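Spelled out, the chains give:
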Amino acid sequence: MAKKAIVNIYLKNGVLDPQGKATHHALEAMDFQGVNDVRMGKQIVLDVEDGVDEEQVKQMCETLLANTVIEDYAIKFEQ
Amino acid sequence: MKVTILRFPGTNCEFDTEYAFQKLGCDTQIVWHKEHDLQSPDLVVVPGGFSYGDYLRSGSIARFSPIMKEVGEFADRGGKVLGICNGFQILTESHLLPGALKRNENLHFISKHHRLKVENSDNTFLQKCEKGEVLNIPVAHADGNYYIDEQGLKELRENDQILLTYCDENGNTLNPNGSVEAIAGICNKNRNVFGLMPHPERAMEEVLGSADGIKMLEGFLA
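Residue numbers (our numbering), protein chains in the order written: chain A, 1 to 79; chain B, 1001 to 1222.
There's no promise every hint is true.
To be verified - Straight-line distance between alpha carbons at most 25 Å, and here's what the computed DSS-like set of lysine-lysine pairs gives: (1) B:1069 / A:58; (2) B:1154 / A:12; (3) B:1034 / B:1069; (4) B:1080 / B:1131.
It is worth saying that the hints were derived from the structure and are not from the lab. Note that the structure is predicted; figures quoted are calculated from it, not measured.
With the hints as constraints, model all of the structure from the sequences given.
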């Protein structure tokens, strides 16, 4: 059996996100109302064996997938 | 002097770098990233380009190339390492230099000559320059927005690790990419690992717009 490990990566709070900001401005320019903030991130979907646990994916994030100097990450699993 | 210039898939400044150091009378060699031998250099240069297509993050995959283990050990032994542009990104991803390089604040790829102010010349790299001197050097990057947290910035300041900042012709701060404190180049605490986004190797001939790169790179020869 395989499952999916889904890693969401965003710039840390307090680290300016120029892409999110530009997108936010564009939404405002189009008169979309009520958007307080836009954060741009990336999602990495890993197709993994059942035995792969959160700790292992965390290691992958810390080593390669995220740069923890500027980014936070969140991991979730889906069947 | 022997200069080893690294080449990753996607590197594109290795020949400019080779030309620059040969012009200064150095022996140069280009070493493929899968090699395990730096070939006893006096200086290792991680040149500019788009290693691994900038996939994931600029420099993030190149960091795990076999040769980077050798670069880390070389730097730990006090060996001199210079990272230019993508090379700077690779060195921050490798934690050989503090901080990180983000997408430019205006989201543009910036390619032009820019003035740089020498913030500190008490180091190998910029010893031929004067503190406060304004240099004219090309920049060409999309991810040159230097970030470091408050604590890290304090340490950079205390140890005089901020080497170059972006400025105008008169030396007043002019920040093209959103970098913290308009930082363009730094060194590590031990002052043997250097990184900058601008390209001194592209400023070696007056006829091409500037020769200010000569006095920067010459520092390594002294």
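Taking the hints in turn, this is what the structure says about them:
no. : hint            : result
1   : B:1069 / A:58   : 23 Å, holds
2   : B:1154 / A:12   : 19 Å, holds
3   : B:1034 / B:1069 : 11 Å, holds
4   : B:1080 / B:1131 : 21 Å, holds
When the structure is compared with the earlier hints, no violation turns up for any of them.
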